[in-house]
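Engineer: Sequence:
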Amino acid sequence: NTTERHTDIICPMYDRVWQVEAYAKDPANDRPYILCEYAHSMGNSTGNLQDYWDVIEKYPILQGGFIWDWVDQGILQTDENGEKYWAYGGDFGEEGVPSDGNFCINGLVLPDRSYKPGLSEVKKVYQYIGFEPVDLKKGMIRIKNKYDFTSLSEFDLDWEIMADGSVIQSGKLPLPDLEPGKTTDIIIPVTETDPLPGTEYFLNLIMSRSDTWGIVPEDHVYATEQFSLFCGSVPLSTEYSDFGVLQTTTNGNRLEVGGSDILLTFNLETGRLESYKYRERELLLKGPEPDFWRPPTDNDYGYNMDRKLGVWKKAGERSLITGVDIRQPELGRVLVVFRYDIPDAEGKKIAGYSSVYTVLASGDVIISNSFAKLSGHIPEIPRMGMQMQFPVEFANLKWFGRGPHENYSDRRTSAHIGLYESTVADQYVPYIRPQENGYKTDVRWLTLTDNDGNGILVSGNSLFCFAALNNIHDDFESPGKLSQYRRDAKSVNTHTNDIRPRDLVNLNVDLGQMGVGGDDSWGAEIHRQYRLTADRYEYSFRIRPVERDDDVVQLVKRPVF
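Numbering (our numbering), first residue to last: 19 to 579.
Since the hints were derived computationally from the structure, they do not count as laboratory data.
Fair warning: this is a prediction, and the values are worked out from it, not measured in the lab.
The reader is advised that the hints may include incorrect statements.
To be verified - The calculated DSSO-like cross-link candidates involving lysine-lysine, where the alpha carbons are at most 27 angstroms apart (straight line), are:
| no. | residue 1 | residue 2 |
| --- | --- | --- |
| 1 | Lys156 | Lys142 |
| 2 | Lys164 | Lys141 |
| 3 | Lys164 | Lys76 |
| 4 | Lys156 | Lys200 |
| 5 | Lys142 | Lys76 |
| 6 | Lys367 | Lys332 |
| 7 | Lys200 | Lys190 |
| 8 | Lys416 | Lys304 |
| 9 | Lys141 | Lys190 |
| 10 | Lys155 | Lys142 |
| 11 | Lys391 | Lys304 |
| 12 | Lys142 | Lys162 |
| 13 | Lys391 | Lys366 |
| 14 | Lys326 | Lys366 |
| 15 | Lys164 | Lys142 |
| 16 | Lys43 | Lys200 |
| 17 | Lys331 | Lys391 |
| 18 | Lys162 | Lys76 |
| 19 | Lys575 | Lys155 |
| 20 | Lys200 | Lys164 |
| 21 | Lys331 | Lys367 |
| 22 | Lys391 | Lys367 |
| 23 | Lys190 | Lys156 |
| 24 | Lys367 | Lys326 |
| 25 | Lys200 | Lys155 |
| 26 | Lys391 | Lys332 |
| 27 | Lys162 | Lys141 |
| 28 | Lys142 | Lys416 |
| 29 | Lys391 | Lys326 |
| 30 | Lys200 | Lys141 |
| 31 | Lys367 | Lys304 |
Could you put together the complete structure from these sequences and hints?
Structural biologist: This is the structure in structure tokens:
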């Protein structure tokens with residue numbers, strides 16, 4: 019209460035960003051403002067933290083806040099099969115005993131103190147050195163010392179120039195004797211380079227110390243920053259005849275499109291790509307289909323997203339084909355066009371959708387999607403993308419985009435653009451109550467390969483997002499809100515021991531999905547700028563086979579869109 023004078027500070031709980039700024043702008047307010055609780059970090063959360071701190075650092079009267087909270091408060095249990103899991107409030111007590119379900123599983127770290135991805139965001143947003151570009155062509159960067167008692171001369175600054183994720187220049191700079199609260203400009207001694215076609219260049223900055231500081235070991239990273247420098251131009255056209263010749267064959271409701279090394283089979287009744295063979299090896303387990311849903315997070319359940327937006331669950335599976343068009347404008351290019359109506363659970367049309375499959379004799383398949391929501395009271399969409407499945411042997415993952423940890427549209431400040439390698443199994447984030455997890459944003463391309471280096475390449479004509487997991491959406495969905503939860507034989511997907519990897523790789527390739535939020539977990543919706551609110555969307559991506567000796571970076575730059 020800003021009108022009462024019985025405290026020296028104003029310390030609200032869970033004020034929104036706009037409320038925080040409104041307090042700072044009011045000239046009648048003269049007491050420090052500290053959020054005694056904010057950024058509720060339950061499950062997959064801690065979104066829009068950067069938005070809070072953009073405001074907090076703008077006004078001296080705003081002095082920060084306390085994230086709720088540090089650790090998921092779970093109790094280690096063992097199930098009837100001898101598997102350990104973390105239990106929470108709803109697992110205890112007799113029938114009828116009041117319970118807050120999966121509270122207090124709302125920390126920045128899991129019960130065993132291993133990191134949740136949101137903790138990386140906190141570290142980045144909270145870092146005590148600020149970086150601002152002044153003249154990137156000259157390597158001029160403005161730095162600010164946000165420490166209260168420490169000079170920046172105690173730190174070293176490592177820098178590197180990356181071209182498509184590979185380091186081409188690097189160095190180390192001692193930082194100046196910059197006192198707390200002060201700002202200065204520094205020059206990164208970058209050697210000028212001629213940009214290669216289609217190549218993206220980034221400047222990475224890493225602040226560390228070469229000595230031990232208290233309990234913090236030497237070479238610990240205290241702050242990072244990344245700036246996009248430039249991108250070389252890409253050729254604008256291609257000759258599809260250079261790729262070879264394609265043949266089409268229709269047999270009943272099946273269309274086959276084949277070339278020297280590829281054979282694709284489309285189901286003309288369902289409008290799905292059913293088979294994609296390269297050199298007689300099947301690449302697909304299940305072809306792409308529209309996907310508008312995500313397994314609800316704790317924050318989603320908090321504002322009843324599963325009910326408010328539930329019309330989009332299984333909407334892609336319900337889509338009904340309304341038209342097919344097959345064209346071959348060139349010998350090496352075939353277009354297969356599918357048009358769909360998307361109905362709700364009662365059969366009423368809520369949107370139209372089309373997918374254009376452009377098959378090239380090179381093996382490339384370009385999928386161009388167009389979505390138009392009907393006017394009226396149709397809710398916003400949790401996700402805009404396609405879902406498909408590949409053999410479980412495609413277990414190795416490489417991508418050029420944000421990483422290495424999970425990131426979302428409202429929680430990606432800490433996830434720098436880079437070239438990352440991992441496994442599909444390691445993309446799973448074991449949130450104590452299973453939910454949406456493993457997402458990556460601002461992706462240029464990805465590969466899924468077997469241990470011999472063979473698999474598939476996915477790239478976009480613009481940035482896309484993806485998730486690659488050994489589970490499907492349904493595996494991460496609980497019955498609903500857990501406020502009245504009691505574990506029994508009917509409970510599904512409520513703990514980590516309920517999750518069993520499947521013998522598949524489930525890949526989502528998305529234009530995007532809504533953010534995860536974090537204002538609170540009992541009613542706050544995702545901030546509007548991180549929601550999919552438009553009525554129309556268009557996006558495209560490419561799939562093609564890839565082999566061990568392929569130069570993926572050059573394949574991506576080949577102009578096929």
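Engineer: Hint by hint, which ones does the structure fall short of?
Structural biologist: Violated: none.
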